[in-house]
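S.K.: From first to last, the protein sequence lines stand for chains A and B.
Under this note's numbering, the first residue of the first sequence carries the number 1, and numbering increases by one thereafter.
Under this note's numbering, the first residue of the second sequence carries the number 1, and numbering increases by one thereafter.
Keep in mind the hints are simulated off the structure, nothing from the lab.
Just so it is clear, the structure is predicted and the values come from calculations on it, not from any experiment.
Where is the CB? At the ideal position from N, CA and C, for every residue including glycine.
Only true hints are included.
Which residues of chain A face chain B? A few of them, derived with a C-beta cut under 7 Å, are: (1) ALA88; (2) TYR121; (3) PHE127.
Pairwise CB distance ranges (calculated): (4) B/VAL116 - A/PRO313: 29 to 35 Å; (5) B/VAL116 - A/ALA239: 48 to 54 Å; (6) B/THR190 - A/LEU106: 30 to 36 Å.
Below, in silico cross-link-like pairs of lysine to aspartate or glutamate (EDC-like), each with a Cα-Cα straight-line distance of 16 Å or less: (7) B/LYS135 - A/GLU69; (8) A/LYS126 - A/ASP183; (9) A/LYS126 - B/GLU91; (10) A/LYS126 - B/ASP317; (11) A/LYS243 - A/ASP331; (12) B/LYS135 - A/ASP41; (13) B/LYS135 - A/GLU68.
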Amino acid sequence: MADAKTVSQSEAKLPPDDQRLISFVEAGVEALREEMRRNADIFYVGQGIGPRGGNFQQSRGLWAEFGEERVRDTPIAERGQVGLGVGAALAGSHPVVDIVFLDFVLEGICEVIQQASTIHYVSNGKFKVPLVVRAAGGGVRSAGPHHSHTFYSFFMHIPGLKVALPATPFDVKGLLKTALRDDNPVIFIEHKNLYGNKGHVPKEEYLIPFGQADIKRPGDDVTLVALSQMVHRSLQAAALLEKQGISVEVIDPRTLVPFDKETILRSVAKTGRLAIVDEAYAACGVSAEIGAIVASDALYDLEAPVLRICALPAPHAFSPSLDNYLIPSVDRIVSEVALLVRDKA
Amino acid sequence: MVKPSNELVLSLYRGMMEIREFELKARQIFRSGRMPGFIHLYVGEEAIATGVCAQLKPQDYVASTHRGHGHAIAKGISPRETMAELMGAAEGCSGGRGGTMHLYEPAVGFLGSNGVVPPGILIATGAALSAKIRKTGQVAVAFFGDGAVNNGAFHEGLNFAAIWELPVVFVCENNLYATEMPFAQATKNTNVASRAAAYNMPGYQVDGNNVLEVYAKAGEAVATARRGGGPTLLECLTYRWFGHHEGDAGTSYRAKEEITTWKEIDPIRRLRDQALTNSWATGEQFAQIDREVEGVIRDAAEYAVRCQQPDVSTALDHVFNN
Chain A
1 MADAKTVSQS
11 EAKLPPDDQR
21 LISFVEAGVE
31 ALREEMRRNA
41 DIFYVGQGIG
51 PRGGNFQQSR
61 GLWAEFGEER
71 VRDTPIAERG
81 QVGLGVGAAL
91 AGSHPVVDIV
101 FLDFVLEGIC
111 EVIQQASTIH
121 YVSNGKFKVP
131 LVVRAAGGGV
141 RSAGPHHSHT
151 FYSFFMHIPG
161 LKVALPATPF
171 DVKGLLKTAL
181 RDDNPVIFIE
191 HKNLYGNKGH
201 VPKEEYLIPF
211 GQADIKRPGD
221 DVTLVALSQM
231 VHRSLQAAAL
241 LEKQGISVEV
251 IDPRTLVPFD
261 KETILRSVAK
271 TGRLAIVDEA
281 YAACGVSAEI
291 GAIVASDALY
301 DLEAPVLRIC
311 ALPAPHAFSP
321 SLDNYLIPSV
331 DRIVSEVALL
341 VRDKA
Chain B
1 MVKPSNELVL
11 SLYRGMMEIR
21 EFELKARQIF
31 RSGRMPGFIH
41 LYVGEEAIAT
51 GVCAQLKPQD
61 YVASTHRGHG
71 HAIAKGISPR
81 ETMAELMGAA
91 EGCSGGRGGT
101 MHLYEPAVGF
111 LGSNGVVPPG
121 ILIATGAALS
131 AKIRKTGQVA
141 VAFFGDGAVN
151 NGAFHEGLNF
161 AAIWELPVVF
171 VCENNLYATE
181 MPFAQATKNT
191 NVASRAAAYN
201 MPGYQVDGNN
211 VLEVYAKAGE
221 AVATARRGGG
231 PTLLECLTYR
241 WFGHHEGDAG
251 TSYRAKEEIT
261 TWKEIDPIRR
271 LRDQALTNSW
281 ATGEQFAQID
291 REVEGVIRDA
301 AEYAVRCQQP
311 DVSTALDHVF
321 NN
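Chain B extracted, bound-state conformation:
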């Protein structure tokens, strides 16, 4: 492996820590009963959003899922605006109209988290089609879980991307469970990357808890897409630490030993340990980031709980674009 720069290591570490701390803070607020709706946390999977989005430009597109806070933050929506949206506040990135599963921000190419499992695959593919027709050089990324790959939209989206050689990267976050259904029970072929062959596109399986590996492979896929080489399917093997959503303990269908084993390969701790062992960064640098991130997330949470929900006089605004 090529030695990563100190700057890259710290930037990926900061990205993952921001998502981790954001999610833990959101969980805390949710459990206090102050957060409306229900949330799906990304804890344990931070290396994927961080590693992939580090390869994207601000004008590139990302379409996400119900488990989308990490993607939103990694693509550049501020923790303040994201947390405020989770609170249903007017100051949220979607004005409080969308919430956790409808985070949007055109300024950073974020085409939405999504309450429906596979449509982000189609949305990213469509954005890539637009970029190709308009010759803008933009790349689109679709994040989705293993739960999406047995749905028809996965097939339709990948097939469209392949036949039209669209600049899109399909990132499957395989966390082994679709809600409570084990992936091995949902398919006879548990190797998602191998399905790329059905579309004659490259497919790779990577360790989704190794941010440097995700970053490297995503870099190749994004570069291929950008130079007109068409789509890639990246399967990132990972695990969610918590239940499907807050309120689901996630322990009725997953063995405690399995959860413990996966927690031991925490992507954040792994990067820090690896960096310290190889002298890519210092403990003080990590500690400094920890302090800064803690401040950013505390500020976001304090801001979000102070924000007001939108006035009911605006309830019918934005149904149509006038």
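Chain A with its partners taken away, still in its complex shape:
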């Protein structure tokens, strides 16, 4: 519906009668179902997304409702899947290509970057590429180095590609619906560890615009910009830090392209301290970009160096002891943020 309600606030601010609880993965399926009903040009391809309903149940029920023409299981051929998506988008469809594991987008990344993200520009705007590449990233249950990656930065690096990174059921639904109405290529990254999380999702239709960060928790002493699963760890850390008398503001950018720097700059102007919590590596990461933005635009608002709390620079390890050590934990966030705020007047 063209007049669907546009929502930019988090579910915490919704009226109590909208407090329906559903899981993150169900919220994504709802978005797909609603948009596929609304727009016959949307079709969905991926490995195991048909009758099986997806490795994570992320397409459950779509095949039964929309049939095998519009919901297609593919061979294991990620480059082909993305390339097909580009061609279909050029021809007027709005494909969703589900790569399932974000790691495997590397198999098709040439098509994401060199074709999908480039064609609108080099065709002088004559061809649009409305394509959603959907994939689940992040570490869960010792998935190991080939099933745990959090490649955010190199998508953010590429002009012409939008990047969505929802952290809550409310956000995944609203952002996925927006992605499916956007005429640009969008890489839509969900975190495997969030699929089971329940949250408030209203029955009424709503959209969340890209480029609007959400303040998940207001605070005064330090700004934590957190991505994906790290939003939740940061919120847990914030609750513990509050007991130490430290007031933490947690900001979720929700989309990396377009990027809402204003919300972060306003927060830093208030708190004077910035930490970025990212499950990806620090080097050339989104955390580096956010640090550079704040250093460029708000250096004199900073009362302390920018702190980056990121995955340690090693491939994902299998053993839980190592894997849990490499990825930022609530304890690590608490201790590093406490140090950052220690000297605050």
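Since the structure of chain A is provided, determine the placement of chain B on it from the hints.
M.R.: Chain B in isolation, oriented as in the chain A frame:
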């Protein structure tokens, strides 16, 4: 062989001549130092784009390669807009943003020449998937060289097209060299058409320098695709007269005798000779076309070199569709 109509003979002749003259003119401008970038010329291979595209409707799709000027013109982008694009001009078909390897025109279903060797195979297959889902009756064609067939995208694209019975025709322009690498060195199976068997789709090898043969076989493949019969692989044997790109003489890895032999089976001269011998057309008709094409290409070149490059104030336009 069924006698071709006078109209068909002249139309195929005109199509090939337009590409030939366009490429020779582009080469001349490039060598004068006025053309940016680097270009890959299609001279010698004109029968393939011409013969295949003559079987397509304007709404059908074509995805092309780095050697794509011929495909663009055969599918219906004007020589003016194509040449202007080669010059990086705002009036080019891609507004000067794309250049030789990124020619685009939705109005004639041209899904781009391409700077990467095999993605056109996937793009055409995807367009065919869209056409099938939307039930539009459109057909898609992927042009690619022998250099693409040892790449994984060839396998993935043909496999997808086969399993989903998509309305797509795969046209391999086998000119025997991938840049400088002889095809026989790049594969143990130099018969590209035979690879169709791996996907359980029909595959045919045709003389790519015989426009009537290309036209006939492409007609069958397009008709099969259009009636829902699935994809076909057409291998067209041909040869590029010049190097891989302008600046590569193409003689360090190819024997002079080989080049001479292939030039003797020039697809344009062959059609004219065959038509005159069989009285399908007259010498005056060919001469008339030669004059007209010369005028069209001269006009395109004069237009293109007059055009301006885009204003820098537009450099960030069209990164996103807003």
